[in-house]
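Colleague: As a plain string of letters, each chain reads:
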Amino acid sequence: MESFAPLIAASINAGTPLLLAALGLLINEKSGVVNLGAEGMMLMAAVIGFAITIHTGSVPLGFVAGALAGALLAGFFALMTVWLGANQYATGLALSLFGAGASAYIGISYVGQSLSNTRSAVPLLGDIPFLGAALFRQHPMVYLSMALCGAIIWFLYRTRAGLILRAVGESPASAHALGYNVRRIRLSALLFGGACCGLAGAFLSLVYTPLWVEGMVAGRGWIALALTTFATWRPARVLSGAYLFGGVTILTFHLQGLGVPIASQLLSMLPYLATIVVLVLISRNANWIRLNMPASLGKNFNPNQ
Amino acid sequence: MLRLEARAHPSTLMAWCSPLLAVLLTVLCGALLFIALGKNPLTGLAVFFIEPLKNVRGWTEVGVKVAPLLMIAIGLAVCFRANVFNIGAEGQLVVGAISGGAAALYFDDGSGGGPLLITAVLVAGMLGGMAWAAITAFLRDRFNTSEILVSLMLVYVAQLLLSYLVHGVLKDPDGFNFPQSKMFSDGFLLPILVPHTRLHIGILLALGAALLGWIFLSKSFAGLRLQIGGMAPLAARYAGFSSRKSLWTAMLVCGALSGLAGVCEVIGPIGQLTPSVSPGYGFAAIIVAYVGRLHPVGVIFSSFIMALFYIGGELAQSRLGMPSAITGVFQGILLFALLACDVLIRYHLRWRK
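From first to last, the protein sequence lines stand for chains A and B. Residue 12 in the working numbering sits at position 12 of the first sequence; the count goes up by one each step and never skips. Residue 328 in the working numbering sits at position 328 of the second sequence; the count goes up by one each step and never skips.
Worth flagging that the hints you see were computed from the coordinates, not collected in a lab. Don't take each hint at face value.
Unchecked claim - Computed list of lysine to any residue pairs in SDA-like fashion (alpha-carbon distance at most 25 Å, straight line):
{"hint": "1", "chain 1": "B", "residue 1": "K39", "chain 2": "A", "residue 2": "R137"}
{"hint": "2", "chain 1": "B", "residue 1": "K171", "chain 2": "A", "residue 2": "P261"}
{"hint": "3", "chain 1": "B", "residue 1": "K39", "chain 2": "A", "residue 2": "Y110"}
{"hint": "4", "chain 1": "B", "residue 1": "K245", "chain 2": "B", "residue 2": "F143"}
{"hint": "5", "chain 1": "A", "residue 1": "K299", "chain 2": "B", "residue 2": "R81"}
{"hint": "6", "chain 1": "A", "residue 1": "K299", "chain 2": "B", "residue 2": "K219"}
{"hint": "7", "chain 1": "B", "residue 1": "K219", "chain 2": "B", "residue 2": "R81"}
{"hint": "8", "chain 1": "B", "residue 1": "K245", "chain 2": "A", "residue 2": "P261"}
All chains should be modelled from the sequences, with the hints used to inform the complete structure.
Modeller: As structure tokens, this is what we get:
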């Protein structure tokens with residue numbers, strides 16, 4: 001029993017970047033915008049957060065820098081799609097490709113440097129048998145991401161602003177007719193989403209691995225995008241999905257550690273294969289997806305036409 | 001203030017000019033980037049865009065990069081025209097490289113090789129790419145699963161599979177434990193077009209693919225059916241065309257061409273299977289396809305520009321001491337610039353007080 005506690009802790013740790021990114025993308029998508037640039041934003045935030053922390057010695061500053069980097073790229077994405085009406089899918093893809101190249105470029109001089117372990121135990125709670133080891137010896141950002149999930153649930157379903165955001169995602173024309181500024185709302189949603197993806201990227205380079213390697217996000221941005229679909233755009237399901245995926249990732253390491261006679265490369269395929277399998281299970285019922293998906297997802301809206 | 005005003009009709013002129021404008025904008029951004037990095041922008045741009053084309057060797061090296069980019073981008077043009085967002089061509093390329101490479105290793109018993117066996121190896125590569133693409137097509141067709149996410153996940157799976165194989169069964173037993181296959185013997189390598197360079201006949205295969213792609217998309221009824229099936233599934237059903245058929249055709253064509261690109265790399269410039277067979281050609285080809293306006297003739301030009309970026313990046317690395325990742329930065333900027341310029345197809349820019 002006691003040996004499970006570190007596994008749970010590790011799964012939560014591994015699921016946190018997915019949770020942060022997917023929550024941000026969920027808000028984007030609730031406003032009707034799909035940003036395929038998550039991977040690129042996370043990579044840029046990972047390298048910039050890492051660089052800032054190396055230079056200042058402050059992890060919180062690294063997170064702030066990462067969030068700002070994500071938000072900046074998302075702002076650019078918003079300019080292209082929300083104002084200039086460029087195709088959301090193509091622009092997001094461009095952002096991912098750009099982020100991969102630019103982060104590799106910026107990161108050259110940081111390869112091989114590393115930060116010390118930045119995780120710490122919560123006082124008192126961390127000493128509880130089992131639960132302490134499983135839940136309360138994480139980086140503060142882990143708890144923050146959980147709180148964020150709660151805040152988003154409250155925001156979306158209990159506040160007027162959340163209702164407006166959802167209305168914009170369902171029918172931007174109606175929201176516009178009611179006098180809401182669709183472009184500004186979508187911009188805010190995108191900036192928020194970018195900042196969340198930025199936190200997720202910074203978490204990877206500051207807490208999860210504490211170092212920078214080219215391409216270290218390794219598809220987590222895309223898995224986070226898939227998570228919003230798995231979760232049928234519900235934040236609570238994003239949370240469980242993210243930890244489930246964290247668990248799959250940790251399982252691959254654990255099996256390797258136990259000397260299971262399967263090559264490490266094959267085990268490393270598991271999270272990607274799991275993504276495909278879950279996508280298939282969820283997408284099988286086209287009507288269900290259509291029912292839950294924000295109706296204007298992926299479609300641009302021009303208030304002047 | 002500058003304002004965008006909708007045009008009554010999309011501008012044909014701008015549709016033609018936008019890719020050119022995008023290239024100019026990218027060059028301009030490149031110059032700014034060089035200034036920001038403290039390099040002379042003129043020197044930087046000269047290294048990037050002129051140096052590679054100064055001699056025969058440079059031209060042939062550009063040709064070596066054009067071959068895979070052009071093949072994949074033609075496949076992607078077919079996909080995107082059918083409204084199939086296959087963005088996992090990189091994975092299809094890797095599996096093509098694996099299956100073609102494995103076939104070459106299987107046939108290569110020291111007794112030669114020759115045109116027939118090379119053809120067999122190329123076909124094996126294409127079949128591998130098709131099989132990988134078929135997974136995405138099947139899941140989308142049968143379970144309505146997003147082809148964007150599935151094809152992308154399969155890129156990571158393919159890369160891990162390649163890594164597994166070159167560390168395992170396909171590893172050269174005499175290779176001092178390096179994770180790579182043995183070198184293919186000369187009889188299995190693609191013939192060289194220009195002596196003493198690396199330019200192989202893959203470039204001819206790529207141009208052939210572009211020609212076939214053009215005939216298929218612009219001249220054939222099947223191509224028309226494919227595009228209608230993708231763009232307007234309801235209209236297609238009314239006309240008796242199947243959108244399922246468009247999906248399968250597009251994915252299989254793209255898989256075959258990406259697989260061909262992969263196998264041409266391993267029995268061309270690389271000459272063996274290594275843990276990494278492509279510097280992201282499958283992703284760069286997405287930009288190539290868009291910048292080429294999803295038209296085979298346009299794609300020929302845009303693959304040339306993208307190949308220039310690759311060579312320019314390598315030269316910037318050796319001459320200016322810049323990391324080769326600058327190629328990726330240029331690629332991203334080019335796609336952004338194109339998407340921004342495309343706005344002018346549908347809108348006027350007007351000054352308003």
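Colleague: Now, for every hint given, state plainly whether the structure supports it.
Modeller: So, going through the hints one by one against the coordinates:
Between K39/B and R137/A the alpha-carbon distance is near 48 Å, which puts this suggested pair outside the 25 Å criterion. Of the supplied pair hints, the one linking K171/B and P261/A holds, its CA atoms being roughly 19 Å apart against a limit of 25 Å. Straight-line distance between C-alpha atoms of K39/B and Y110/A comes to about 21 Å, which keeps the hinted pair within the 25 Å bound. The straight-line distance between the Cα atoms of K245/B and F143/B is roughly 15 Å, inside the 25 Å bound, and the hint therefore holds.
Of the pairs offered as hints, the one joining K299/A and R81/B holds, with about 18 Å between alpha carbons and a cut-off of 25 Å not exceeded. The straight-line distance between the Cα atoms of K299/A and K219/B is roughly 31 Å, outside the 25 Å bound, and the hint therefore fails. The straight-line distance between the Cα atoms of K219/B and R81/B is roughly 14 Å, inside the 25 Å bound, and the hint therefore holds. Of the pairs offered as hints, the one joining K245/B and P261/A is violated, with about 42 Å between alpha carbons and a cut-off of 25 Å exceeded.
The earlier numbered hints that this structure contradicts are 1, 6, 8.
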